[in-house]
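Q: Sequence:
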Amino acid sequence: MTATRFDPEGMGPETLRVTGWSWYQVDTMLFLVGTDQADPARQPIFEGGTPPPYYRVSELGRIVEEGDSDDPWRLRLARELLAGVMADLAEDRGLA
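Taking this note's numbering, the leading residue of the sequence shown gets 297, the next gets one more, and so forth.
Treat the hints as calculated values from the structure; they're not laboratory data.
Using C-beta positions, here's what the derived DEER-type ranges look like:
hint : residue 1 : residue 2 : range
1    : D367      : G308      : 29 to 37 Å
2    : E361      : A386      : 17 to 25 Å
3    : W369      : P348      : 15 to 23 Å
4    : D332      : E305      : 20 to 28 Å
5    : T346      : G308      : 22 to 30 Å
6    : W369      : G390      : 27 to 35 Å
7    : P349      : R375      : 16 to 24 Å
8    : M297      : Y350      : 13 to 21 Å
9    : D367      : E310      : 28 to 36 Å
10   : A337      : S365      : 28 to 36 Å
11   : G363      : A386      : 22 to 30 Å
12   : D303      : D335      : 14 to 22 Å
Cβ coordinates follow ideal geometry from the N, Cα and C atoms, glycine included.
Starting from the given sequences, assemble the full structure and let the hints guide the process.
A: Structural data, given as structure tokens:
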């Protein structure tokens, strides 16, 4: 299970930095991740849909740091999503 950026518009790894939001695909599921400063009113939605649930980067970090003995899948998902975010940030040439 590896999180990869879902980027149908081809915006690249800077999407998270520029918009505050980025989609990540884990297996066949899509997850929306937002920075702590991202505006929920501007989050992307699927065509004709309601705003999807999302994770904040800090929330993912907290889940990884504290663990979740009641839900090991949630902990694994948080690790994968956080790794995907870190890979995008490392690849983003706009960060100095």
